[in-house]
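Novice: Each protein sequence line maps, in turn, to chains R and G.
Per full-length UniProt numbering, the first sequence runs over residues 1 to 259.
Per full-length UniProt numbering, the second sequence runs over residues 1 to 259.
Treat the hints as calculated values from the structure; they're not laboratory data.
Heads up, a few of these hints could be off.
The list makes no distinction among identical chains, and a pair is therefore deemed to hold if it is satisfied within one copy or across any two copies.
As the list claims (entries may be wrong) - Cut-off 25 Å, straight-line C-alpha distance, at most; resulting in silico cross-link-like pairs (DSS-like, lysine-lysine): (1) LYS31 x LYS223; (2) LYS80 x LYS91; (3) LYS31 x LYS80; (4) LYS111 x LYS191; (5) LYS114 x LYS75; (6) LYS176 x LYS31.
Keep in mind that this is a model prediction, so the values were computed, not measured.
2 protein chains.
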Amino acid sequence: MASFVESFWGERNNGFDVLYHNMKHGHLSTKDLADFIRERAAIEEAYSRSMTKLAKSASNYTQLGTFAPVWDVFKISTEKVASCHLELVRKLQELIKEVQKYGDEQIKAHKKTKEEVSGTLEAVQNIQSIIQALQKSKENYNTKCVEQERLKKEGATQREIDKASIKSKKATDTYKLYVEKYAAAKSDFEKKMTETAQKFQDIEEMHLLHMKEIVESLSNTVKEIHLQIGQNIPDVDDEGYSIKPEASQNILFSIAKIL
Amino acid sequence: MASFVESFWGERNNGFDVLYHNMKHGHLSTKDLADFIRERAAIEEAYSRSMTKLAKSASNYTQLGTFAPVWDVFKISTEKVASCHLELVRKLQELIKEVQKYGDEQIKAHKKTKEEVSGTLEAVQNIQSIIQALQKSKENYNTKCVEQERLKKEGATQREIDKASIKSKKATDTYKLYVEKYAAAKSDFEKKMTETAQKFQDIEEMHLLHMKEIVESLSNTVKEIHLQIGQNIPDVDDEGYSIKPEASQNILFSIAKIL
Chain R
1 MASFVESFWG ERNNGFDVLY HNMKHGHLST KDLADFIRER AAIEEAYSRS MTKLAKSASN
61 YTQLGTFAPV WDVFKISTEK VASCHLELVR KLQELIKEVQ KYGDEQIKAH KKTKEEVSGT
121 LEAVQNIQSI IQALQKSKEN YNTKCVEQER LKKEGATQRE IDKASIKSKK ATDTYKLYVE
181 KYAAAKSDFE KKMTETAQKF QDIEEMHLLH MKEIVESLSN TVKEIHLQIG QNIPDVDDEG
241 YSIKPEASQN ILFSIAKIL
Chain G
1 MASFVESFWG ERNNGFDVLY HNMKHGHLST KDLADFIRER AAIEEAYSRS MTKLAKSASN
61 YTQLGTFAPV WDVFKISTEK VASCHLELVR KLQELIKEVQ KYGDEQIKAH KKTKEEVSGT
121 LEAVQNIQSI IQALQKSKEN YNTKCVEQER LKKEGATQRE IDKASIKSKK ATDTYKLYVE
181 KYAAAKSDFE KKMTETAQKF QDIEEMHLLH MKEIVESLSN TVKEIHLQIG QNIPDVDDEG
241 YSIKPEASQN ILFSIAKIL
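Chain R on its own, in the form it takes in the complex (with noise of 0.2 Å):
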């Protein structure tokens, strides 16, 4: 299994940032699922309000002829539609509580989180600093031994050798230094970016956990509304729809009420 901790050393060790900021956008994603499902709720309110609409008018409609009854049929399956998806926006609602709920409990965390690996931040930033500071000793050092070199070649005068001298022993001290300040500082940031990858990945294994519940919980949700709107499109062989041209008792019970 491939872990954060194999896998975020990173160039100019910037693996912290990246991790750090991952798990912000966490935080991010939780917000724009709530306005997913939040938008989503509005548009099934919408339509279950003119489903609600739509039933009215089907009762509206001429009570006169013989097609009449079939208008209660229609007010009745579009009345069920319509409590369908206010079903739906009733779930829905309850869900955005829980991502609300989620993403308040990141916000907790992540900033104990945040807390928790200062000490890591700092060790990155000393590191960081110390491979500066070596990266240029390093080339003083260079200059200077190179200059000492020039200086003996072309002979020059003792004073000005050993002033050159004293330069590049600064300079190999300085250098070694750093390098000893580098091997420290290396060995403090690789045992605190080891245990901080580590934490880094847990929230994340939980969060996408936590995202895959609440993804999981719309969908079920989704097709539990689904199933229940089929069941309420009726068939046109049901005993409500039952048209029969051949049913005439149907049909002059029908007119017998105009008589």
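Model the placement of chain G on the given structure of chain R, informed by the hints.
Specialist: Relative to chain R, chain G alone:
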């Protein structure tokens, strides 16, 4: 099988009127059904537009973090649902055209029928007015006979009795005339009404058959699209939804993009 011809002789011979208006109500039902489907199509169109907008929202959410790939799944499935509802709109609009075409045919057929049954309407009006006249002549006959008897009993002059006798004779002739007229009108009415009741029954049966076909078509269309929508609710276990915390390769791949 009950039939119109057995049932619409009705009170005061008004069965014709009932059957004629029942035919006209058939056209109202057709117009109502077109309106109902039109309103449903408008609702579906609005829903489809909103879902398209929601799909755009999904693609505008943060592309950072490990959840980002899921937005593509939401975007695609939401677009598919939007396009299913748009397909429903298209099919409903086709159906509205069919209903309107049928409504136009109905108007023509009803106009033709009105001409064809004009003789029956005349026969109805004829028998109605003859029944009134018959009733009146019967009452007059009774009055005149009673009057003649009264004069005889009260010992009126011969001149008065003769005058009453002439009146009574005239009333008797008129009454007899209307009895004969009624017999002829009744025969004519029964013959024409029998044919017309059958004609109205044929029209009604054809109408209900046509309405049944339209309702069947509406129901099947809604069912078909409902099935299609069901196929576009993504399973969380589907490939696109594979937010598996342990699948760190994917996570790393996602994060790698921001590195």
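Novice: Each hint needs a verdict: does it hold in this structure or not?
Specialist: Status of the hints after comparison with the structure:
In this homomeric assembly, LYS31 and LYS223 come within 25 Å of each other (Cα to Cα) only inside a single copy, at 23 Å, whereas the closest approach across copies is 35 Å. For a Cα distance limit of 25 Å, the shortest separation of LYS80 from LYS91 qualifies both inside one copy, at 16 Å, and across copies, at 22 Å. Taking CA atoms no more than 25 Å apart as the test, LYS31 paired with LYS80 passes between copies only; the shortest distance there is 24 Å, against 32 Å inside one copy. Within a single copy, LYS111 and LYS191 get their C-alpha atoms as close as 22 Å, which meets the 25 Å cut-off; across copies the closest is 95 Å, which misses it.
Neither within a single protomer nor between protomers do LYS114 and LYS75 lie at most 25 Å apart by alpha-carbon distance, with minima of 58 Å and 33 Å respectively. Taking the shortest alpha-carbon separations for LYS176 and LYS31, neither the intra-copy value of 51 Å nor the inter-copy value of 96 Å comes in at or below 25 Å.
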